Amino acid sequence: GNAYDGVRIQNSAVFKIDNIHVHQSDQNGFNIQSDTGVTRGQISNVYMDAADDAGIYIDMSRVVMQNVIVSDSNYAITVAGSGDNATIIGCQSANIAQSSPINIDTNAENCVVVGNRMDGSITDNSGTSTVASNDTEAL
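First residue of the sequence shown: 12, per my numbering; consecutive thereafter.
Everything labelled a hint here was simulated from the structure, so no lab data went into it. Given the structure is predicted, the values throughout are model-derived calculations rather than measurements. Each statement offered as a hint is correct.
Pair by pair, the computed Cβ-Cβ distance ranges are:
1) 35 / 56: 12 to 22 Å
2) 141 / 37: 26 to 36 Å
3) 110 / 25: 31 to 41 Å
4) 24 / 55: 16 to 26 Å
5) 30 / 117: 30 to 40 Å
6) 110 / 47: 25 to 35 Å
7) 139 / 34: 29 to 39 Å
We put the beta carbon where it would ideally sit given N, CA and C, even for glycine.
Could you put together the complete structure from these sequences and hints?
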């Protein structure tokens, strides 16, 4: 537990997060942001729980998320305006406080969401995202 983000990455050109558990952050479990043009990152095998904001907050282009489980947070995943070309594969959410486990902001482009047991709905305000799921609850 902490009063800030569990993990914060800012303006990093390349990163990889693998096999990590973040518990009870007062803000976001993961806060990944970049205002630089050349970025790419991978997040895999992550368990995030009990964040007061988003389990994972992405505001960086070309991020791939695989096998991410988020529970007891306001949102499982938020993809913000600079999160272009984000790909979310096989992520799961449970006990999300808000109505949408995945929230894609208006300015994010070309997000691809391939859900797996996404409980609730996916809010896509971008108009350019592709959403597929094997759980009809998520569509």
